[in-house]
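Peer 1: Spelled out, the chains give:
Protein chains: 2
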Amino acid sequence: MSVTAAHGFTAAGVTAGLKSSGRDVAVLVNSGPTKNAAAVFTTNSFAAAPVLWSRQVLSDGRADAVILNSGGANACTGPEGFQDTHATAERLAEILSAAGSDVSATDVAVCSTGLIGERLNMEALLSGVHQAAEELTTDAAGGVAAAEAIMTTDSHYKVASVEAERFTVGGMAKGAGMLAPGMATMLAVITTDAVIAQADLDAVLHEAVRVSFNRADSDGCMSTNDTVLAMASGAHPEAEEAGVDLGDFKDAVTAVCDDLTRQLIDDAEGAAHTIEVRTVAAPSEADAETVSRAVARSNLFKTAIFGQDPNWGRILSAVGTTDVAFDPHRVDVAVNGVWICRGGGIGEDRSLVDLSDRLVQVLIDLNAGDSEATILTNDLTHDYVHENSAYST
Amino acid sequence: MSVTAAHGFTAAGVTAGLKSSGRDVAVLVNSGPTKNAAAVFTTNSFAAAPVLWSRQVLSDGRADAVILNSGGANACTGPEGFQDTHATAERLAEILSAAGSDVSATDVAVCSTGLIGERLNMEALLSGVHQAAEELTTDAAGGVAAAEAIMTTDSHYKVASVEAERFTVGGMAKGAGMLAPGMATMLAVITTDAVIAQADLDAVLHEAVRVSFNRADSDGCMSTNDTVLAMASGAHPEAEEAGVDLGDFKDAVTAVCDDLTRQLIDDAEGAAHTIEVRTVAAPSEADAETVSRAVARSNLFKTAIFGQDPNWGRILSAVGTTDVAFDPHRVDVAVNGVWICRGGGIGEDRSLVDLSDRLVQVLIDLNAGDSEATILTNDLTHDYVHENSAYST
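These protein sequence lines are chains A and B, in that order. Numbers given in this note's numbering equal positions in the first sequence, counted from 1, plus 1261. Numbers given in this note's numbering equal positions in the second sequence, counted from 1, plus 1261.
Treat the hints as calculated values from the structure; they're not laboratory data. Small disclaimer: the values here were computed from a predicted structure and weren't measured. It cannot be assumed that every hint is accurate.
[As the list claims (entries may be wrong)] Just some of the chain B residues that point at chain A, by a computed CB distance under 8 Å:
#1 F1307
#2 A1336
#3 Q1392
#4 G1481
#5 M1483
#6 S1484
#7 S1559
#8 A1565
#9 G1568
#10 G1581
#11 G1606
#12 S1612
#13 T1642
For every residue, glycine included, the Cβ atom is placed at its ideal position computed from N, Cα and C.
Next up, chain A with everything else stripped away, as it sits in the complex (with noise of 0.2 Å):
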């Protein structure tokens, strides 16, 4: 189940012609009694339109509703591209208010990507947002629809959803390449029919984002229109007025967010391994993540996984670069439960690490405090190299 699996959202996605086949242009609209809403946006300088815009229109916490595309990203096209983003959430919000929803246009999300450094294609894009109106549906196929038209070289959709006793949690997710490290080249939106505070909403989506999306980092490369929109309906049939629990919801927003990224890592470019990269014993979180994440950013490494080769080497030269403080003699690193480096030196022979398998685990022990922290990543293969040299993207 999708963005339409909480109650008070219709969806759509069609094909408006952005790329050169599939669907292209999604709709998603909040018709329940509140609006609340936030997002987490890209921290890159070169920010695209959409990004722009959108970071206005969340500014007061309110969303009505958001059109995503595929086909382009928006992103380095000046002052043209940010006032096509702002027809586009003009139009939509005329269509919505014809139709007797009273949508203003500075609470319309928008979202886009593909190809940076290039105008979008107007006529065609309205036009889609036009036929997504019409298609807006609450039933699961308008979810998958939507899920469907913001894919790029994802070679499958991703949506998830937890169910809860008074609310639920949907989502929906695009990204394969540019997968770092705030975010990845992604777009992603969370909807629920929870009563929740605004304050309460954001603080959550924050959180879930830094365990979750921000802890995959496929390529090390990060875009100009990483995106993550949650929504509030509080349209749940037995919401409270009191809200939600709070833990609860946020274990809920976590879990969908936990879900998209492993299915974003699943179907990164050209990936042969997924490969989880587990600091244990840090100094703090942050000293966990950042080791977890200089290994996952080695291309040495990375290439060693696609040829199936368990080179601790290259994983304690990645890990030695980054400022945290350990003693050298006294890590150790299991590859798949294989301890091939203990004390900073051999361990068990390396040839008992199998990894014919998809999923990698790589467990570094610092032996230096109490803290761990787990970045995922994928290896980089012939694959990877091919889509992003024979590809504009």
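Model the placement of chain B on the given structure of chain A, informed by the hints.
Peer 2: Just chain B, lined up with the frame of chain A:
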């Protein structure tokens, strides 16, 4: 001309059997009136045994000789690995002393390169040291043999030299993968027959390395064994006790380091393009370096260049991940002379860019200051993935 271009040095390179074929043990001896030496080492926490040893050797600013081997990095090999390095230095000191030179092991540096996490074959290494000591010569052939003996995945040996009026600077280097950022998986030795105070030699070497080897960033991976060693014999026939002109000397050392750096990048693992990423009009030199390095480390940029795609969106998205202060709307980018990005947006037609030559010049104008810096890198290719996945190095 190589390390023997400078007067007062003898060198040799022999085949000891540490690697499957070819020379793998080199010895270089300073027989001049001065033994001043300086070095720059990796900052990796998992510094290899030869790095730990050579740091001690260099702590008094003197080195009489250096042994270098390929076929094994002697990194992450524990106290036993350190003993191996110590024994290697002892052996050469004994041999040289027996021949009448009175050399202490604590004045013999050691450099190793190859696979991390395996002990060296000491029998082969020590017999190689014997053989090399017997073959020491001031001839150019000795310098070339030494340069060959330090090769790993290098496709050819790297030597360079500069002759000035009252001194000569020679050099050799190896390095092919794990090339960054504090130097690269590289070993380099710079020799000079200049009369130069140790403090001056040290200062000149550090500054030269900062703007040469440290600005080569092939794959973002920092090694455990990086060493640049400079040795001064004071043996130039026209040497004057007052020493050389420091400015001239610095220029010569920098030129040799630049020459070797370019050779390393030109021969980087699997590279099809050598890429100069030059950032100008930056607030500071450090900022310019940060921006250039961010681009040089972008796998998406590097695969695009491999595919001969002047994808400036991937350049800007990498620039935008830095914390350098600039106005995104004032950034221009040229690739091979064509300004395909103007004012952070669309510039000249990207189809005008010709990427068929080996050399690619990226120029990023931040319009935010007066400083500049260039990082040398290369593209990310199928051959890189192949070399680093099919072989354990």
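Peer 1: Confirm or reject each hint.
Peer 2: Verification of the supplied hints:
no., hint, verdict
1, F1307, "4 Å, holds"
2, A1336, "7 Å, holds"
3, Q1392, "28 Å, violated"
4, G1481, "6 Å, holds"
5, M1483, "5 Å, holds"
6, S1484, "6 Å, holds"
7, S1559, "5 Å, holds"
8, A1565, "7 Å, holds"
9, G1568, "3 Å, holds"
10, G1581, "4 Å, holds"
11, G1606, "4 Å, holds"
12, S1612, "11 Å, violated"
13, T1642, "6 Å, holds"
Checked against the numbered hints above, the structure breaks hints 3, 12 and satisfies the rest.
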